[in-house]
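Novice: If you read the sequences in order, they're chains A and B. My numbering applies: residue 1 is where the first sequence begins, and numbers increase by one. My numbering applies: residue 1 is where the second sequence begins, and numbers increase by one.
Wrong hints could be hidden among the right ones.
Claimed, not checked - So the derived list for chain A, only partly shown, Cβ under 10 Å to chain B, looks like this: (1) Leu-68; (2) Glu-69; (3) Gly-92; (4) Gly-145; (5) Ile-224; (6) Val-225; (7) Ser-227.
What the hints assert, rightly or not - BS3-like, lysine-lysine: derived pairs with alpha carbons at most 27 Å apart: (8) Lys-425(B) with Lys-454(B); (9) Lys-100(A) with Lys-265(B); (10) Lys-151(A) with Lys-198(B); (11) Lys-245(A) with Lys-192(A); (12) Lys-151(A) with Lys-454(B); (13) Lys-125(A) with Lys-277(B); (14) Lys-380(B) with Lys-367(B); (15) Lys-125(A) with Lys-454(B); (16) Lys-141(B) with Lys-84(B); (17) Lys-61(B) with Lys-100(A); (18) Lys-167(B) with Lys-265(B); (19) Lys-84(B) with Lys-159(B); (20) Lys-425(B) with Lys-50(A); (21) Lys-77(B) with Lys-280(B); (22) Lys-113(A) with Lys-31(B); (23) Lys-5(A) with Lys-65(A).
The set of hints was computed from the structure by calculation and includes no laboratory data. Just so it is clear, CB atoms sit at the ideal spot from N, CA and C, and this is done for glycine as well.
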Amino acid sequence: MLSIKNLQASVEEKEILRGINLEVKAGEVHAIMGPNGSGKSTLASVLAGKEDYEVTGGEVDFMGKDLLEFDADVRAREGVFLAFQYPVEIPGVSTTNFMKTALNQIREHHGEKPLDAVSFLKRMKEKMKLVEIDQSLLSRSLNEGFSGGEKKRNEIFQMAMLEPKLAILDETDSGLDIDALRIVANGVNALKSKENATIVVTHYQRLLDYIVPDYVHVLYKGRIVKSGTKDLALELEEKGYDWIKEEAEAQA
Amino acid sequence: MSNDDQILEEFTSKEYEFGWTVDLEADEAPKGLNEDIVRFISAKKDEPQWLLEWRLDAFKKWKEMKEPTWPNVHYPKIDYQDIKYYSAPKKGAAPKSLDEVDPELIATFEKLGISLTEQKRLTGVAVDAVIDSVSVATTFKDTLAELGIIFCSFSEAVKDHPELIRKHMGSVVPVNDNYFAALNSAVFSDGSFAYIPKGVRCPMELSTYFRINAANTGQFERTLIVAEEGSYVSYLEGCTAPQRDENQLHAAVVEIKAATNAEVKYSTVQNWFPGDKNGKGGIYNFVTKRGICEGDHSKISWTQVETGSAVTWKYPSCILKGDYSVGEFYSVAVTNNYQQADTGTKMIHIGKNTKSRIVSKGISAGKSQNSYRGQVQVMKRADNARNHSQCDSLLMGDQCGAHTFPYIDIENQSAQVEHEATTSKIGEDQIFYCQQRGIDEESAVALIVNGYAKEVLKQLPMEFAVEAQKLLALTLEGSVG
Chain A
1 MLSIKNLQAS
11 VEEKEILRGI
21 NLEVKAGEVH
31 AIMGPNGSGK
41 STLASVLAGK
51 EDYEVTGGEV
61 DFMGKDLLEF
71 DADVRAREGV
81 FLAFQYPVEI
91 PGVSTTNFMK
101 TALNQIREHH
111 GEKPLDAVSF
121 LKRMKEKMKL
131 VEIDQSLLSR
141 SLNEGFSGGE
151 KKRNEIFQMA
161 MLEPKLAILD
171 ETDSGLDIDA
181 LRIVANGVNA
191 LKSKENATIV
201 VTHYQRLLDY
211 IVPDYVHVLY
221 KGRIVKSGTK
231 DLALELEEKG
241 YDWIKEEAEA
251 QA
Chain B
1 MSNDDQILEE
11 FTSKEYEFGW
21 TVDLEADEAP
31 KGLNEDIVRF
41 ISAKKDEPQW
51 LLEWRLDAFK
61 KWKEMKEPTW
71 PNVHYPKIDY
81 QDIKYYSAPK
91 KGAAPKSLDE
101 VDPELIATFE
111 KLGISLTEQK
121 RLTGVAVDAV
131 IDSVSVATTF
141 KDTLAELGII
151 FCSFSEAVKD
161 HPELIRKHMG
171 SVVPVNDNYF
181 AALNSAVFSD
191 GSFAYIPKGV
201 RCPMELSTYF
211 RINAANTGQF
221 ERTLIVAEEG
231 SYVSYLEGCT
241 APQRDENQLH
251 AAVVEIKAAT
261 NAEVKYSTVQ
271 NWFPGDKNGK
281 GGIYNFVTKR
291 GICEGDHSKI
301 SWTQVETGSA
311 VTWKYPSCIL
321 KGDYSVGEFY
331 SVAVTNNYQQ
341 ADTGTKMIHI
351 GKNTKSRIVS
361 KGISAGKSQN
371 SYRGQVQVMK
381 RADNARNHSQ
391 CDSLLMGDQC
401 GAHTFPYIDI
411 ENQSAQVEHE
421 ATTSKIGEDQ
431 IFYCQQRGID
441 EESAVALIVN
451 GYAKEVLKQL
461 PMEFAVEAQK
471 LLALTLEGSV
481 G
């Protein structure tokens with residue numbers, strides 16, 4: 001589904017990604033871990049098409065298409081979803097209205113008619129249950145005055161509404177208490193299928209108790225320096241990142 | 001004669017009645033302004049002596065006044081002797097079909113979702129088969145007449161209801177109120193008059209749309225709305241369609257009077273030609289709008305969406321004279337390219353327990369300048385007066401300006417006055433967030449701007465609100481990225 005080859009990117013002339021290689025197949029869950037400043041969030045943003053980052057080399061193939069050719073909105077319509085670490089507030093725009101606009105533009109992209117009001121509401125109700133989100137929250141201004149937990153649940157709710165092929169969760173666990181974490185993870189797990197894939201970007205192992213990855217990759221100084229199974233995450237939890245850093249420095 | 005023919009007949013003869021004929025084609029006052037011109041206008045309109053004297057008095061006062069320089073707007077000095085103050089509507093010049101109309105204008109209509117019939121009306125296409133709107137207008141007039149509501153052009157009102165006009169005209173905005181009001185009083189062309197009798201709730205929005213005859217009201221428009229005790233009316237002015245006009249200077253006056261327990265809601269969408277991308281051309285819009293809550297428990301509410309004109313100078317105000325009276329002002333003012341707007345409101349609290357609320361949302365893009373200027377005045381005997389003002393500015397890009405000039409003048413200790421102001425920029429983060437959900441950049445800006453202006457837009461009547469939303473998006477098209 002997603003094939004990243006030697007991806008390099010910089011922001012304001014500072015090189016952050018220095019040759020990422022990653023293969024993600026449909027049905028898989030990949031976790032990207034790493035110490036602060038290793039480039040995890042940059043990778044997520046570059047894949048989503050944020051303009052602040054300049055791709056200086058490498059290729060990204062997404063379902064047979066050159067992802068880097070597309071603007072952010074087209075990437076989203078093609079099926080890439082990013083759950084933001086810090087979701088922004090949009091005053092006066094309800095989540096409901098936001099989702100209606102988004103969903104209809106995505107449908108138009110695929111040559112489908114806009115969803116009628118009844119089907120849209122049905123879909124909303126269905127997905128609301130999934131992340132235990134309240135109707136009243138969805139009528140309020142998007143993310144305005146939401147608690148940290150509500151914002152993250154709202155991200156997963158949007159993901160459920162848009163049914164992406166590839167979901168990238170950027171530090172979705174940050175700022176969540178254990179109950180909210182469980183709700184968010186349950187939502188993500190319920191959305192998993194053989195047709196879609198998930199990339200979980202996280203600093204801590206905690207989230208991976210709930211969203212069990214097939215592969216774990218450790219990012220350090222803009223490169224994937226170690227890959228393994230979920231056991232690698234447990235090892236990191238126990239030993240910290242220092243040994244990885246040492247290993248990586250020794251190889252360099 | 002069939003019913004349809006009869007309606008057509010009525011319609012065309014009415015047109016004649018208002019002088020849109022070949023005879024008047026040549027009728028045009030020479031450039032310049034003097035007493036003779038004022039007399040000419042009055043004579044052309046076949047006005048009574050008292051009105052001529054009223055005009056002459058205004059003209060005399062205007063000559064002694066100076067054009068205000070305090071607004072935060074800049075434009076070349078206006079040569080008042082280089083303007084024509086009267087010209088009859090030209091009928092022969094009207095396009096015969098929409099094919100003859102500027103395709104760019106038609107494209108804009110399409111984007112705004114304006115119906116074909118209305119497109120024709122707006123572009124002045126010769127109306128041949130608009131039976132629908134004629135019959136709608138007729139039914140509309142019948143319903144109003146049954147309730148005793150008067151809704152007609154100002155000239156018509158001068159002829160048919162001189163006592164009402166004489167009593168109320170100039171009582172809210174005196175002839176010498178300000179430079180442009182005095183000018184308007186001397187040379188006003190036409191406008192609208194609405195009268196809602198005691199205890200009547202006007203069952204429909206009064207909109208100039210239905211007043212086919214009074215369409216071409218020209219550059220010096222005058223509106224008077226009188227709401228008697230316990231009545232209610234919602235009045236719509238303007239339209240979302242871009243309006244072009246050869247007259248660069250527009251100076252309108254609007255007066256509203258609300259008696260005890262009466263409520264008047266006045267909504268405006270102003271989209272006069274703003275000039276081109278380089279700031280050439282465009283309308284100067286200098287408007288005086290004021291309402292007086294004369295009776296206890298009366299209410300006047302102004303809602304405006306201002307997207308057009310090169311220069312806007314406009315402060316719809318409320319004089320809260322009656323005890324427990326309420327004044328409201330909801331405004332969205334958008335400026336793009338080289339547009340300049342200096343707009344806001346005045347809330348004058350005179351009566352006890354009076355309340356006012358101000359919500360102003362400015363949006364500046366391009367190289368435009370957008371100023372909010374508002375005054376809250378609480379007089380000595382206005383015990384327990386309350387005001388809440390909220391003035392927000394939204395900036396797009398880094399070459400535009402937003403300014404806020406609040407004036408607060410309190411003479412009564414019991415007053416509660418609150419003022420909140422915010423300035424924000426449309427963040428790239430917000431746009432990226434929308435794009436990441438599949439929403440393109442233009443739609444993202446529209447979504448964010450409409451969200452920002454929602455508090456004001458929701459005050460507009462439903463249909464108007466939908467059009468206004470599209471208009472905001474259209475005005476700001478291409479201003480990001």
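Novice: To test your reading of the hints: which numbers does this structure violate?
Specialist: 1, 2, 4, 5, 6, 7, 9, 10, 11, 13, 14, 16, 17, 22
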